[in-house]
Amino acid sequence: MPDVAKDRSMQLQKEMIGRHFDKLARAREQGRKVVYTFVPGNLTELLLSFDVLPVLPEINALQSGMRGTSGRYIMEAEKAGHSEDVCTYVKCDIGMLRSGNIGPTGQPLPLPDLLLLSYTGCYTFMKWFELLREAYDCPTVFFHVPYQGQGVMTPQHREYMVRQLREQVIPALERVSGRRYDEDRLRALLRQSRQAEDDLVAVFEAAKGVPSPLDAYFGGVYYVGPIFSAFRGSQEAAEYYRALREEVEDRAARGLGPVTPEGPLNDQRYRLVVEGPPNWTHFREFWKMFYDEKAVVVASTYTKVGGTYDGGFRHDPDDPLGTLADYCAGCYTNLSLPNRVEMIARYLHDYKADGFLINSVKSCNSFSAGQLMILREVERRTGVPGAFIESDLVDPRYFSAANIKNRLESYFQMIDARGAGRSQ
Amino acid sequence: MSTAVAKVPCVVGVDLGSTTSKAVVLDDEGRVLGRGITNSRSSYDRAVELARVEAFVSARFQVLRRNVAHAAGTEALARLLAAFRTEQYLVQLGQLRVALDREVACRVRAEAKEAVSGAVAYTVGRMCEEEEKRFEEPSPEERSDFFRDAANSAYSRIAEEVAAQRGLSFDLLLGLFDKCIIQVENAPLELGFVQHIDAALARCGAGPELREGVEAAVATEFVVRSTVGTGYGRARLPFPKEQIRSEILCHGLGAHAMFPATRTVLDIGGQDTKAIQVDEKGIVTSFQMNDRCAAGCGRYLGYIADEMNLGLHELGPLAEKGRRPVKINSTCTVFAGAELRERLSLGDKREDILAGLHRAIMLRAMSLLARSGGIQNEFTFTGGVARNRAAVRALRELVEEHYGARTINISPESIFTGALGAALFAKRMVAS
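Chains A and B supply the protein sequences, listed in that same order. Here the first sequence stands for residues 0 to 423, where the numbers follow numbering that gives the first Met the number 0. Here the second sequence stands for residues 0 to 431, where the numbers follow numbering that gives the first Met the number 0.
Honestly, the hints are just simulated from the structure, not real lab data. Fair warning: this is a prediction, and the values are worked out from it, not measured in the lab. Hints may be right or wrong, so weigh each one.
To be verified - The calculated lysine-lysine pairs, modelled on BS3-like cross-linking and capped at a C-alpha distance of 25 angstroms, are:
{"no.": "1", "chain 1": "B", "residue 1": "K240", "chain 2": "A", "residue 2": "K404"}
{"no.": "2", "chain 1": "A", "residue 1": "K287", "chain 2": "B", "residue 2": "K240"}
{"no.": "3", "chain 1": "A", "residue 1": "K287", "chain 2": "A", "residue 2": "K404"}
{"no.": "4", "chain 1": "B", "residue 1": "K178", "chain 2": "B", "residue 2": "K112"}
{"no.": "5", "chain 1": "A", "residue 1": "K207", "chain 2": "A", "residue 2": "K293"}
{"no.": "6", "chain 1": "B", "residue 1": "K178", "chain 2": "A", "residue 2": "K293"}
{"no.": "7", "chain 1": "A", "residue 1": "K13", "chain 2": "A", "residue 2": "K404"}
{"no.": "8", "chain 1": "A", "residue 1": "K126", "chain 2": "A", "residue 2": "K361"}
The following block holds chain A by itself, in its conformation from the complex:
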């Protein structure tokens, strides 16, 4: 296997994450408080304003998947009675907990002082934290984000969320951290979020260029790492996104494609939009199936699960709690099927894509329910053919490489044949 080629930004990110896990490993001895929370609807700036350390179980699970330990953790959870059909993020997390809570970097993870459950459309999140509450016996705070069934958030929705933040979430954080809520500090953090968000959007929009200087799925999931997890609002995140933007803009200016594990993909034959999370256990193998065919992903919905910024939303330091509410409501997991269709159709048009692919995840009903209807509706509206494959998040048993490869190859050939047909 050749050496993996890496962008400079990836190195920066690796260092950030390393530092964060070091902090977590030393949290107890340094008296730092720890809050477990989820990616969609994360309130990172608020947590950082209380100086508590966020832990994101989904990120731990996906990292375990990438590092090859998730299979063992899932079996461990199944031994404890969690069925085969349960979300594999949950089982991976429970298995990790039962195996001594050693995090993905090999360092121990601290126990939570608080479970902050932001509910943004995924019902499993509730069940997950019920299990963790049982295991850790710690306080839990529930922040309910109304589902965007009608496609818009009403003033009442917003007021309802702000009231929860004031009356439930902030008091819980005050109790855990022993600090008073400091709105000025929150504003300062939100200001830094805004800058990072501007840079992130510039990065993703660079994929409108031909060739695309980035892969908005396989690279994109790395790019959103800091802003979706423990770093949004931090100085280091702002610096990371500035560096990333410069890197991507530089590649765009030189007409270069993204850097894959086997080198740059400058010659791009297919431009795709992808819906759904990636498979993490065979991430490299999965990616290879794309770049071997010279396929680049120009936009993806999964990179919007922890926040949707390309529609214009930015965190607003002048309305700190209202803006957090707006942010949560707009996360991709909280969007209705018509909104998701709208987003994919828009991406196909704006990013001049040749096709779109749905990776349907076996154990994630939150994502996969309705995906076939999305497929048909997007095809109907845009006339662009879609492809449908199935895999899983972190259960290595559900990745059938030969099947997926067969399907992807067929799909790419179908795009070719249709293209040839049109030009006849």
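Chain A is already provided as a structure; the job is to place chain B on it using the hints.
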């Protein structure tokens, strides 16, 4: 008499399926010259070679047919073809005998060697005699196209009888066959037209018109201008990437060539079920395939046939006799096997259980068809399972129930659809 060498430009499509490998040869005008099929066995390389040999044998018969059908009559031609098949079969039996002798010599205990050797010789001898007789029968019983299956069925029957008569272990005799049949399948066999046509001519006592035609067919040189491969084993083919096509595209194009008004294609192969929508040019517009699990595909039927101790080709005819189909699990092959045994023990009739199993397969297919966008106008059913009449009947019923009246096309050559599509892609490559 000297025969001028006729050069026939052609293209070839090969489809390396999980169960069978197929090849189709097309002439310059896109007409089918020949088709060949063999079981895929453990070696795709051998399978594709044999399928090609078979396709060219059939292409030479096609040349023969075009040249002399009028003069010699179609009956004489059919008889020559049957004689040719008999010669091929006898050659393979000869190979089987050699392999069996070798196996007996090195594996059977010294004291039993003679008895086992005699039993094997007798069994294969009887198989040869039966084959000779079969040729003489006006309408011989249907049997599998594959040497493995046909020989297995005859060998088991005779060996069982011999074992009982001579006090030998039937399992031992069967075990020897299982070991040797793989060797025969994987050994290079000369099964081509040139090797056996003379013996076939002698066997059927062909007249001079036919002999002349044969000489011309032997002298015909097929000039392969392009080959395209598809199917699960396509990565094994020593072709550049542009000569490899996905079987989804090939089935779409193949079905369109057979039935140009087709808009929906259902292909049920060994391990895949594919629901495909095509446009008016045969280009695929969307498709869905089974995921994670291959219950309901051809292999499901293979497993059930084994469970019931039947040949795969016997399943459909038996199921067709079913009057009250039993409901059977369609989501797990192994569970279906368990249900089948349970049903048998409860006294359900074999044909009713089999009718239920065929319906179960089609229920899975209906769900994929729905996912791909349903059944539009004309609908074509392809793949090995389309040869099974009970499966076709179940499909017709379900399509009618769910979509109302639809034209359902099934070609007798449906198993070659993928290879035909591949050959058409090869033809396009030549054209461009």
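Hints and how they fare:
1. B/K240 / A/K404: At roughly 14 angstroms apart (the allowed maximum being 25 angstroms), A/K404 and B/K240 satisfy the hint.
2. A/K287 / B/K240: Roughly 16 angstroms between the alpha carbons, so the hint for A/K287 and B/K240 holds.
3. A/K287 / A/K404: Holds. A/K287 to A/K404 sits at ~10 angstroms (cutoff 25 angstroms).
4. B/K178 / B/K112: 17 angstroms, holds
5. A/K207 / A/K293: Roughly 17 angstroms between the alpha carbons, so the hint for A/K207 and A/K293 holds.
6. B/K178 / A/K293: Violated, at roughly 45 angstroms.
7. A/K13 / A/K404: Status violated; Cα separation ~30 angstroms.
8. A/K126 / A/K361: 18 angstroms, holds
Hints 6, 7, counting from the list given before, are not met by this structure.
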